[in-house]
Amino acid sequence: MDKLIPSPDAGIEAVHDGATILMGGFGLCGIPESLIAALRRKGSRNLTIVSNNAGVDDFGIGILLQNQQVKKMVSTYVGENKLFERLVFEGALEIELNPQGTFAERLRAGGAGIPAFYTPTGYGTIVAKDKETREFNGRMFVLEHAIRGQFAFIKAWKGDRWGNLVYRKTAANFNPMMATAADFVIAEVEELVKVGELDPNYVHTPGIYVDAIFEGTNYEKRIERRRTRSV
Amino acid sequence: MILNQDEKSRRIASRISKELRDGFYVNLGIGIPTQVANFVPQGMDVILQSENGMLGIGPYPTDAEVDPDVINAGKETVTELRGTCYFSSADSFAMIRGGHIDLTVLGALQVDEKGSLANWAIPGKMLKGMGGAMDLVAGAKKVFVAMEHATRERAPKIVTRCTLPLTGVEVVHYIVTELAVIQVTPGGLLLQELAADTTVEYVQSLTEPKLTLPRGGPAPMLL
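As you go down the protein sequences, you meet chains A and B in turn.
Start counting at 1 in the first sequence, then tack on 6, and there's your number in this note's numbering.
Start counting at 1 in the second sequence, then tack on 77, and there's your number in this note's numbering.
Bound-form chain A, shown alone:
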């Protein structure tokens, strides 16, 4: 039952060229910094990355784009990355944009064994192009399919060797669903605690979903838009 691994590099050994990887985070908040850095070191290419955003030019998923490791992004909002925009307009990067709730639910469905579901979101827009639609109670809905990854890179606050995870504040975001929706799930935590130390009432991701865990070091936790008020 011990899922502890010595390093992020050990966690991603099985990642191959062309792999589909789910990555948690909203903007730069709650992203798996150590695993992204390890993936850049490893240099795997032609990757499909499923992540709400694409990082910024020099941090987060941006460092994988810089290194031309990404073939396709599945995201909901990519507005903060100039490099990204350039690569897409040049045709060097494929992008599939999803409505954010559809994206979250596709991942949740992927983890829960639900192959597809109907949602009203996006009906009548280009998001619904070539998709099945159906009327329920007088309203039109679009059929959306589940997403699964070969790998998921998860960032949590605390975790134990059994893979139980707790997230912190808005750094949870997509991590909980992604942790359920991949064949091999690697979690990095800020603090590795002893089994039994997490309050069982407040475990967010039960260890059953997690395959490997390690404690990350030197988290930068870069802030994308620092807004403050004077005292």
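Treat the hints with caution; some may be incorrect.
[Claimed, not checked] Where chain A lies over chain B, by a calculated footprint (3+ residues, C-beta under 8 Å): (1) 151-161; (2) 200-206; (3) 227-233.
Calculated from the structure, these hints are not laboratory results.
The beta carbon of each residue, even a glycine, is placed where N, CA and C say it ideally should be.
Fit chain B to the supplied structure of chain A, relying on the hints for placement.
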């Protein structure tokens, strides 16, 4: 009177704040919509939802309070309040898509006379993505658009039919601009309120579809 950008935004945000009611759960989009939070009446409990997984958004932090794990959907640092809660994106969008949000306020590139909205892309020019906007317009009980009435070049943003990629079809209930409050009705766009510093003719000249007028004419804009 010519308003600058900031005065326009404040007027729009202030007017929309009159729609808030005690106990409302509200999601505010990026830009002018965010400013509605500055006009919540004293003593009224309005809970702001952020789609990245937070209910109960507080003010921007002081330097000492900045926490990289506490951000809003615009990726700005914010603070928590007493009673704030955090949750996953799946829970967040269950709230939004499940019809639990009383009111959402969004910006727009175009709104048309049927209430269809375009606010996320300009083909070949701007690539950003729809984020949570498509879910919000599909799921919130009331959808308000907050925007400047026309573009900087004075081209209408309220159009007969949207030409930009749609966010949602027939989803907007009210359009609030620095000049007017317009209700989307089955019979067309109803000019409900007019700002004191403009005229029906001027508003119509910046609006592509024909506006209808309530009996007795539009009321003065609530401010």
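Evaluation of the provided hints:
{"no.": "1", "hint": "151-161", "verdict": "holds (count 6)"}
{"no.": "2", "hint": "200-206", "verdict": "holds (count 4)"}
{"no.": "3", "hint": "227-233", "verdict": "violated (count 0)"}
The structure fails to meet hint 3 from the earlier list, while all remaining hints are met.
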